Structure formats: C-alpha cells, structure tokens
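**Student:** If you're matching them up, the sequences are chains C and V in order. Under our numbering, the first residue of the first sequence carries the number 1, and numbering increases by one thereafter. Under our numbering, the first residue of the second sequence carries the number 482, and numbering increases by one thereafter.
Since the hints were derived computationally from the structure, they do not count as laboratory data. Keep in mind that this is a model prediction, so the values were computed, not measured. Even for Gly, the Cβ is constructed at its ideal location relative to N, Cα and C. Honestly, I wouldn't trust all of these hints.
[As the list claims (entries may be wrong)] Sample of chain C residues with no beta-carbon within 12 Å of chain V, all distances over it, derived:
(1) ILE70
(2) LYS114
(3) ALA141
(4) ASP296
(5) ASN479
[To be verified] Per the computed footprint, the stretches of chain V lying under chain C, defined by three or more beta-carbons under 8 Å from a beta-carbon of chain C, are:
(6) 493–500
(7) 661–674
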Amino acid sequence: MTTPHASGASTPNTGARPHSTISFKDRAHDRLNDAKVQRAMRNFNLAGARARGVLDLENLEDIRTSAAAIRDRSLAMLDVWLERFEREATRRGVTVHWAESHDDINRITVEIAKANGVKKVIKSKSMVSEESHLNAAIEAAGMKVVETDLGEYIVQLAGETPSHIIAPAIHKNRDDVADLFHEHHKTPRNNDPAVLTMEARKFLREHFLSADMGITGGNFLIAETGSLVLVTNEGNGRMTTTMPRIHVAITGIEKVLGTMEDLSCILRLLTRSATGQSISNYITVNTGPKQAGDSDGPEQMHVIIVDAGRARLLGTDMQEALRCIRCGACMNHCPVYQNIGGHAYGWVYPGPIGSVLTPNYIGLEKALDLPHAATLCNQCGVVCPVKIPLPELMRKLREKQTERGLRPWQERTGLRLWSWLAQRPSLYGLATRVAARLGKSVGGAERTIHRLPGKGWTEGRDMPAPQGKTFRELYAERNRK
Amino acid sequence: MFLKVGLFVTCLVDLMRPRIGFAALKLLESAGCEVVVPEAQTCCGQPGYNSGDRPAAQALALKVLREFDDCDYVVSPSGSCGGMIRAHYVELLAELPQHADAARRLAAKTYELTDFLVNVAKLEVVPGRFPGTITYHDSCSGLRELGVKTQPRALLAKVPGLELKEMATPEYCCGFGGTFSVKYGEISSRIAERKCEDITTTGADAVVLGDLGCMLNIEGRLRRRGDSHTRVYHVAEVLAGVEDTDGNR
Ligand code: SF4
Numbered sequence: 001m002t003t004p005h006a007s008g009a010s011t012p013n014t015g016a017r018p019h020s021t022i023s024f025k026d027r028a029h030d031r032l033n034d035a036k037v038q039r040a041m042r043n044f045n046l047a048g049a050r051a052r053g054v055l056d057l058e059n060l061e062d063i064r065t066s067a068a069a070i071r072d073r074s075l076a077m078l079d080v081w082l083e084r085f086e087r088e089a090t091r092r093g094v095t096v097h098w099a100e101s102h103d104d105i106n107r108i109t110v111e112i113a114k115a116n117g118v119k120k121v122i123k124s125k126s127m128v129s130e131e132s133h134l135n136a137a138i139e140a141a142g143m144k145v146v147e148t149d150l151g152e153y154i155v156q157l158a159g160e161t162p163s164h165i166i167a168p169a170i171h172k173n174r175d176d177v178a179d180l181f182h183e184h185h186k187t188p189r190n191n192d193p194a195v196l197t198m199e200a201r202k203f204l205r206e207h208f209l210s211a212d213m214g215i216t217g218g219n220f221l222i223a224e225t226g227s228l229v230l231v232t233n234e235g236n237g238r239m240t241t242t243m244p245r246i247h248v249a250i251t252g253i254e255k256v257l258g259t260m261e262d263l264s265c266i267l268r269l270l271t272r273s274a275t276g277q278s279i280s281n282y283i284t285v286n287t288g289p290k291q292a293g294d295s296d297g298p299e300q301m302h303v304i305i306v307d308a309g310r311a312r313l314l315g316t317d318m319q320e321a322l323r324c325i326r327c328g329a330c331m332n333h334c335p336v337y338q339n340i341g342g343h344a345y346g347w348v349y350p351g352p353i354g355s356v357l358t359p360n361y362i363g364l365e366k367a368l369d370l371p372h373a374a375t376l377c378n379q380c381g382v383v384c385p386v387k388i389p390l391p392e393l394m395r396k397l398r399e400k401q402t403e404r405g406l407r408p409w410q411e412r413t414g415l416r417l418w419s420w421l422a423q424r425p426s427l428y429g430l431a432t433r434v435a436a437r438l439g440k441s442v443g444g445a446e447r448t449i450h451r452l453p454g455k456g457w458t459e460g461r462d463m464p465a466p467q468g469k470t471f472r473e474l475y476a477e478r479n480r481k
Numbered sequence: 482m483f484l485k486v487g488l489f490v491t492c493l494v495d496l497m498r499p500r501i502g503f504a505a506l507k508l509l510e511s512a513g514c515e516v517v518v519p520e521a522q523t524c525c526g527q528p529g530y531n532s533g534d535r536p537a538a539q540a541l542a543l544k545v546l547r548e549f550d551d552c553d554y555v556v557s558p559s560g561s562c563g564g565m566i567r568a569h570y571v572e573l574l575a576e577l578p579q580h581a582d583a584a585r586r587l588a589a590k591t592y593e594l595t596d597f598l599v600n601v602a603k604l605e606v607v608p609g610r611f612p613g614t615i616t617y618h619d620s621c622s623g624l625r626e627l628g629v630k631t632q633p634r635a636l637l638a639k640v641p642g643l644e645l646k647e648m649a650t651p652e653y654c655c656g657f658g659g660t661f662s663v664k665y666g667e668i669s670s671r672i673a674e675r676k677c678e679d680i681t682t683t684g685a686d687a688v689v690l691g692d693l694g695c696m697l698n699i700e701g702r703l704r705r706r707g708d709s710h711t712r713v714y715h716v717a718e719v720l721a722g723v724e725d726t727d728g729n730r
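Bound conformation, chain C alone (with noise of 0.2 Å):
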C-alpha cells in the first residue's frame, strides 16, 4: 500500500498460511490429550491478575467506553491519522514504510537490512512478523534472528510460535525450558527458574551487544507526534530500539491513536487488562532516530505500517476488530482457550478475538471451525477493554459463512428441518411426543441416557432423559380436568 488511502475492496494476497493444515478439531484434540499442557493451562491464571488490576479503578466502565470511543475515533478518521503520523515521524527522520501485504513486510524489512549489511537481528515482541513468517524471511536471506522477549526466545528456541499474544510460551513448564537452554545453550541443566532467567539475560546481552538491526512491533502510533509506542515487561524493547544501529517497527495501521492523551487513557487499560499492573515495567516512546547530541538510539529508525486485510474491514460490519489493543484479556476469560491453549486456533491470534481476526484475515473458508468454537458466553466482551461484542462478531462470521455456503450440508439441513419443524405446531407437539416417550425408554430406570447417535454429546456426558411428557401435552390434559 503506498498510502494510506489505498483501502481497496479486492481480496489481498496476503501471503500468510495457516501453521498448521489438520483441523481444529484434531489440533484441539491433542491439547485435550496432552497432560503438559493441561497442567500449564490449568495453572495459568491472568483473569485473576486483571481481577486485581482493575479493583483501583473506581470508574472501570467509563474508562472503558471511552477507551472505545478513542479507538473508534482512531478507525474513523484513520487516513487522516496516518497522514499526520507520517508526516510528523519523517519530519524527526524517521523513514515510514507501507506494507499492503504480508509479502511486503518481509520484502522491506529484508532490503532495509541488506543495504545496511546486517548480519544479526535482534527482535522484541512482534505479533505481525508472526503474520508474515518474517523470521524465515530473514533466515531465507542470509541473516541470523534473534528473539529477546524471553517467552518468544523459548519458543523460538523449540522451533514453535507463540500460543498467546503477550505469554507466548505459557504452554510450556520450567522442566521445557530447562531442557531447551541445556540442548541450546550447551550449559548444565537448571530447572530453576531464577536460574533459566540469569542464564537467557547473559545469552541474551551477547546479542544484543552483537547485533545491527533491532526489529520490534509497535503497540501504537501517535499521530500528533510522530511517535512509536511500546509497552513491556523485560526492558529487552529498549534494548532493540536502541543498541544496533537500525530500529525497524511493524505494526498495523489500525494501531494509531490521535494524541498522547488517548494513549494515557488506553494505558490505563492495556497493563491492567492484559496482566493486572497499574502500568508495565517499561513504556517506550521512541520519536525519531538519534538527534544530534543525543547520546544513545538507533541511527536509522523505520516503521513499517501493514494493511494485510485490515483496511478491507473498515465501514463493515466487523470494524469493531479493529479497536483491538492487544491484552489478551479475551483469550484468559474464554472457557475454550483456557482449555485448548492457543495452538489449537492455527494461526497467529488465539482465543475470541483470534476467531474474529483469522477468518477475516486469511479467509472465511480458511477457519471455518474459529468461529464456531466458542460458547458465545461472553467472558470476553464484558472484560474487553475497548468493548469489542466478540460473540456478535462470531456470530456475524456463522451468517457469513452460511451465506457462502460453507457450513456442511447435514447442519443445513438439520437447522432447516428444525426451523420447518417448530413452525408447524401440530407436527411439532407429534414429534416431541414421540421423542419424549423415546428418551424415557432409552433412559430407562436409571432415567440416563448413555449414547446418543453423532457422539458430540455423549463422549463426555451423559444425557438426562426426558420425563416422558411434554408439557404441552400435560398442560391440554390438565386443562381438560
């Protein structure tokens, strides 16, 4: 995209795959079936960080709706914003790129550091080079990556990606990571984790010391002031933004905000919804490259700002998804993710708001199971905290895909019988009866139902049988008495 007007409602070769073919089905499966796993995911608890978080905030509500509001205000006007944003960041030298595609990322950030000669590149927490596979860019080009956010430098030791937005390694124990930094490191093997973490800082500051290029995502933009906004735990962002000589920055266009009074109210939020802190160990602003008499930063600093399906969303029914900050507050509330992990989801985005993005990001029949594998409970709308309706967006994404005709026939067909059904009362009461007295029989004296035909309910249930009645029947006999 060469600016930013360039929304386009032609379907973008985004170049991104899905991690992984199997389904979701069989990915979910495995997680249910692999007890490292559960015991992680039963041990991982951010919903009760941010329970806590959020107690000091006294007018929770308010700042939630007006952190919505800011967003929105960001999408509506969101040419003007990275109009300005541009305009402002090259004005302190920054060099501001547009990535259209997945493709693109990858191709700008390999050319900025094969002109530079770059040999290393470190990176910080970057969920949209996790879109664009843009390690095996570099790696592809000749170059060695490093990730420095501890949770991603496991992961990225294991060869895997992330399961969750801001704990991308909280599917694994301490006996993994220890295993992993022996295998690594060629160091004794410590299971300790004040230990694991000493020994990833002193690998780690090799790194940082050696490499030319730091790449991180950028949690936000500023449009009044050019300014690129990172929020983190590890102090390793700082170290990327300003030990080599180049600083590169990803982020999506969706992620500008007007002034730095909406960042100061989104932080409120962000920290406390994603991990309960009142605010994170470090929040960067990095407005332009090393000034003159300045005595640390980058010498080069490029943003690279990514479209990659998301203008497609604006001014459509699933523009709320583009509020999003990020937390991760959707995935710890959602009974599903809690306990499938992030894996099972195949892509980037785990958890509710990874069932909206996926199917709009790669293609609706690309996930077809996302969003449908959700109770629609809404443990995350009500924690969000720009207030995206995530199982109003899934929902919408199920009428999508009917529409298209992509749900199987025998779910057609059974919702349709069932709709014809229900609006022919006598055929219905007939039915029901019958079910009825079948369902008493089956269940017999133990009034139990063991197995039902299709198995989805009775694998792990059983079914309480009818009384043998229905209540419209019983209702007409008591009104004849």
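Starting from the known structure of chain C, arrange chain V with the ligand on it as the hints suggest.
**Tutor:** Coordinates of chain V with the ligand only, in the frame set by chain C:
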C-alpha cells in the same frame, strides 16, 4: 394486581422437563398474575440464530411475535431464551422494518422468570421449602445479557430450610453453548468438568440454576464422572416446591 403474563415455556422444558414449566406457572399464579400459555408456541429461534442461519431464526421470531403480542408481559424460565427475545430479536429482525415496532415492544416486555418475580410481580412468599444446601450457577445469557444475578438468590433466600453455599466461580460458563455442545463435544465436556469440580467442592446437596441447557450439561457431566448424589434443579422447581427428590432427577 392482574397482569396478563404469557408463559414462554421454551422447547427444552417442553420436551425434557415439563415440571419446570408447571413450576413457573405456579410461581406466576402465586404472584397474582393471570397466566396464558399460547398453545402453538415452539422455539424462539436461537439454534438457527447462533448457527448463522438468519432466515430460519427470523421465521420463528415472527411466530413468537404473533403469539405473544397481546400479553402485558412475556416470561420464560430461561435466561437464554429470554435473552434471545430481549437482547437479539430487534437485531435479528432488522431487515424486516415492518416488524421493528413489534420486536421492540416484545423485547421490552420479556423477562427471565426470577427477574420478573422480583422486579415486576414483587413476589413476597414462595411456596417451596428445601431442607439442605445448594450452590447457584449463573447462566451466561441470563447473567450477561439480562443482568440476572441477585434475583434468584433473593428468591431462594425466602425458601425455608435452604442454605446457599456459593462456589468459587459461579459466573463461569458451564460449556453448553447450544449446538457448540454437540459440534465440539470434547471441549464442551472439559469446560463442564471444571464447572462440576467447582460445584462438588462446595459439598452442596444440589446445584440450582435457571437454564435447561446448562442443567442438562452439568447434570450429564456429573453423572458421567460418577457423581449420582449431587442433585441438579431448576430454580423454579425449588421455589415452587415441585422438585423431584426421590429419583436421580
Ligand atoms: S479483543 Fe479486546 S480483550 Fe481481546 S485482545 Fe483485543 S482488546 Fe484485548
């Protein structure tokens, strides 16, 4: 006070647990309401709506609209079906502007049973008595779409003998999710398992709730994990004193 209340029985109560429908009837009558039960009622359309089949859902929504048009209130022993009518019908019928007014009217006069008994009918004395401890599961739709939280507890507090022991996470989803429970049975059962652990940790004699979907799911999981003693009741059964105390259910 003579309010003309239409009872929306719900398809699951009709088929599986008519006792709950009669309990609701008894409670509404003891609150002084004139209750009508439109005979041809079937389903609110939620299965189609949540599965993405809008036309199928619309046809059933229009049917409900017609059947309950002349009632002062519509009451349902289900936060899920009540929520469907109250929180979703207006959106569901958005493409049919000729029904917009009727949809809004219906939404505004539709209540979940306990919400209606507490906030509209102002029921003072409940017929039921329950010697034992219970824990209460907040169903997602009732809680998050209709704000049903204190109402059932306020009513249960009036039941002689009943003692409420809250579980650690009463607002946590049981994993039912309508067709989700069948399409993703394995995940659904696992979520139900966490709910059952939470319930049994309280040591309560019974878990009480306000939605038949959650009821079948929780009871089904309890029995499968070998728990045959924890009773599962709909709040209307306990309040009306019609729960089946001898058998499994
Ligand atoms: S959808 Fe909401 S809760 Fe989920 S990550 Fe985005 S901002 Fe956070």
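**Student:** Compare the structure with each hint and give your call.
**Tutor:** Cross-check of the supplied hints:
{"no.": "1", "hint": "ILE70", "result": "holds, 24 Å"}
{"no.": "2", "hint": "LYS114", "result": "holds, 46 Å"}
{"no.": "3", "hint": "ALA141", "result": "holds, 40 Å"}
{"no.": "4", "hint": "ASP296", "result": "holds, 48 Å"}
{"no.": "5", "hint": "ASN479", "result": "violated, 9 Å"}
{"no.": "6", "hint": "493–500", "result": "holds (count 7)"}
{"no.": "7", "hint": "661–674", "result": "holds (count 14)"}
Going through the hint list in order, the structure does not satisfy hint 5, though it satisfies all others.
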